[in-house]
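K.L.:
Top line first, the protein sequences correspond to chains R and L.
Going by our numbering, the first sequence wraps up at 424, each residue one higher than the last.
Going by our numbering, the second sequence wraps up at 1424, each residue one higher than the last.
Derived from the structure by calculation, the hints contain no laboratory data.
Some hints could be false.
[What the hints assert, rightly or not] Rough simulated footprint, nothing fancy, chain L against chain R, three-plus residues with beta-carbon under 8 angstroms: (1) 175-182; (2) 295-301; (3) 394-400.
[What the hints assert, rightly or not] Here's a subset of chain L near chain R, in silico, CB distances under 8 angstroms, partners left out: (4) Thr1169; (5) Ala1303; (6) Met1401.
[Claimed, not checked] Here are the simulated lysine-lysine pairs, BS3-like style, with alpha carbons at most 30 angstroms apart: (7) Lys87(R) to Lys1294(L); (8) Lys1292(L) to Lys89(R); (9) Lys1413(L) to Lys243(R); (10) Lys390(R) to Lys1062(L); (11) Lys87(R) to Lys105(R); (12) Lys1126(L) to Lys1033(L); (13) Lys1092(L) to Lys243(R); (14) Lys292(R) to Lys1089(L); (15) Lys1292(L) to Lys92(R); (16) Lys294(R) to Lys1257(L); (17) Lys294(R) to Lys230(R); (18) Lys236(R) to Lys1413(L); (19) Lys292(R) to Lys234(R); (20) Lys1294(L) to Lys89(R); (21) Lys292(R) to Lys1092(L); (22) Lys1126(L) to Lys1087(L); (23) Lys1133(L) to Lys1088(L); (24) Lys133(R) to Lys88(R); (25) Lys1390(L) to Lys62(R); (26) Lys1418(L) to Lys243(R); (27) Lys413(R) to Lys105(R); (28) Lys1413(L) to Lys294(R); (29) Lys88(R) to Lys1243(L); (30) Lys292(R) to Lys1088(L); (31) Lys351(R) to Lys371(R); (32) Lys1294(L) to Lys254(R); (33) Lys1089(L) to Lys243(R); (34) Lys418(R) to Lys1243(L); (35) Lys243(R) to Lys1088(L); (36) Lys1398(L) to Lys398(R); (37) Lys1254(L) to Lys294(R); (38) Lys243(R) to Lys1062(L); (39) Lys254(R) to Lys1292(L); (40) Lys390(R) to Lys1398(L).
From the three backbone atoms N, C-alpha and C, an ideal C-beta is built for every residue, glycine too.
2 protein chains.
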Amino acid sequence: MAEFVGNLLVAQSGGPTAAINASIAGVIQEAGKHECIEEIYGGLNGILGILNEELCDLNDEKARSIEGLRYTPAAALGTCRYKIDFKKKPEKAAQDMDRLFEVFKAHNIRYFFYAGGNDSQDTSHKIHEEAVKRAYELRVIGVPKTIDNDLPFTDSCPGYGSVIKYCATTVMEVGIDVSSMATDDGSCCIIEVMGRSAGWIAAGTILAKRTPDLPPHIILLPEVPFEEDKFLAKVKETVDRLKYCIVVVGEGIKNAKGEEIGADKSVLDSFGHPLLAGAAERLKEIVQGRLKTKTRTVLLGYAQRAAAHFASLTDTTNGFACGEAAVKAAIEGKSGFMVKIVRENDNGKIKWSTGLQPLAEVANVEHFIPKEWIDHENFLMRQEFIDYAKPLVEGEVKAPMEGGLPRYVALEKSRVDKVLPARA
Amino acid sequence: MAEFVGNLLVAQSGGPTAAINASIAGVIQEAGKHECIEEIYGGLNGILGILNEELCDLNDEKARSIEGLRYTPAAALGTCRYKIDFKKKPEKAAQDMDRLFEVFKAHNIRYFFYAGGNDSQDTSHKIHEEAVKRAYELRVIGVPKTIDNDLPFTDSCPGYGSVIKYCATTVMEVGIDVSSMATDDGSCCIIEVMGRSAGWIAAGTILAKRTPDLPPHIILLPEVPFEEDKFLAKVKETVDRLKYCIVVVGEGIKNAKGEEIGADKSVLDSFGHPLLAGAAERLKEIVQGRLKTKTRTVLLGYAQRAAAHFASLTDTTNGFACGEAAVKAAIEGKSGFMVKIVRENDNGKIKWSTGLQPLAEVANVEHFIPKEWIDHENFLMRQEFIDYAKPLVEGEVKAPMEGGLPRYVALEKSRVDKVLPARA
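Chain R with its partners taken away, still in its complex shape:
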């Protein structure tokens, strides 16, 4: 297929991660190799910024800054949770789509790359379909990104390896701390990690468990209905035996009725999901109230997905490769695909590569932990899960240090002149 000559636009969407900037670096550095790509633009704050014609010129950035994106957390171009929602707001969505293509035309955008999770892949898919419908020459490739690891078809999602490396290390460290204080009274510590509907992050902390008595002692996944009595029996058994118990809980755990045990359902985010907090606090009340065991909580919150100081080199390397692969695919004439990570196990040595999956198959499909990887009986993960997760945390990213703290980069984001009237 003939190359399109024109400009490239890349943007980021959804919750930031420690690896999403590595993907952007991959896009930019690969794009620089292709003459048919004239300007390299970034959309500020995802689709929202593009709708407002807020673009920046990435060729204006220092090469050092682009390279620094490989180890800099969060979304360097800014991100958003804005969704073009054809189902609930078809009129608004149609307007948005018209506006997007006005912006694309005004800036001769012929390559569009969007890094994000489920919602973002859905957006990329719709833009690809619209381009075809409008006969506008545009290559659209989705770049996977989510700490939640819930995109289908890809081996894993950039961001996931880093978040579990950090969370598993935290579980290990908190475990040593709590065990060193353990007295006959016993104590419990509950560590809450992200994960609204899929428990991939909570599950990943199993990597801290190098021997059977080490933490985590209990992993509570959002996909497994919470059984209070069974949980308390396991806490009690663990505290009686080891004098302490470390529990890891995914924020979205639900009771048998499907209600999130720590949710304040009156507050919704812009995608219409309830904003959660407090699963760990709720469990603490239960443990202290019923077992009288001293209980503390750790709520890692945003710290976990931004912890680039201890990111997984495998993760950021795969993230970078996804960005590169997206550009290569587009140059080869592909559009309407998501890049996926492919793992090949060569006698225990893992080889990573990338592939492509049609966005039509990806969009809005949520990938859950295979049921047979969950050890329900023991609140733990089976060996299959460990074999899956372990290679993802290998290797350490070395960010440069300045005065004992990391030196991350910030982009200049010099603006591209607006040529359109302001968005209605």
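We have chain R already, so just place chain L on it with the hints.
P.N.:
Same frame as chain R, now just chain L:
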């Protein structure tokens, strides 16, 4: 003064840190150089274990494990919060003291080193006084340790440099994350750190602020009465200007009446202090309730003091030096002192050494942040504080890695045979 020939006992007390094991490594490695020290014992779980004659033989440990203590978090010998309280429980305290000296005699303990904070230095002081009173030949040296950094006379306390290196990095990373999501609606993130009465840890996060607009935007110290309106005005001003605001709060902040804003005062720890939780949650309610600004919290809890994966090399090196210096002082005939860290500023180049301070002057004195280092007006720290804190976070401790996670050591703790009847 003549050397005492006999055995050494070292123990750890109070909350664990990322540097307290480095001090124990310093004690053990230095002790190995002196022939007058015959056996090197560890007391398990501090004074509590010693009272129960729970000792382990540290000469039985692998040299590799002792070296590994330099980078292993928490208290490898176990710790406790047990206090010999002559004021509130004089009878029990006298019994405990008798028992301690029975254990010392039974195992020919002539050198006793106790690593801990204020309460532990007080315990060391009392043991020293008792030894003198009983004419029992014993050299007692306190080893400083506390993330709270509130021991007097010492430049800083081992554990502090590491906790602020981790917390400042977390503030930096969460700041980049939140700012990358910032939209016109604005958002706020409140990061709660430890610090019951002194705000040294919260203050230390100022190191993340490399330029005036970077976080932390607001630091709330326990020693500064919380003024809700002034705080909210600063949050609003920051969100209006930058679209986001990062607040760091020491867990023990109090209102004008001196009541902790996040305390559940009905639960007390064994020292009689209220067990705190929830300053960040309380502030979130206030910000969301009054400003309607979307607010999230991060509660680092035990993770902050155990974060050896990102410990400060300056901190663990100083911790190790304190352990060495304790043994050297005892060998030289000193008893009843705490080792202190001494800083010499040679034209901007910091030189670290150790000194000794009489325990009588140290015990139960709390060292607060100098008032003139606090920028009350702006909820920030002044340059004097930054100049003080910056050298403490320099350098990174490199723990060996295994499968992408740190490989910390655990001691064998082979028990010394008990020779006494069980404690009454």
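K.L.:
Okay, which hints does this one fail, numbers in order?
P.N.:
none
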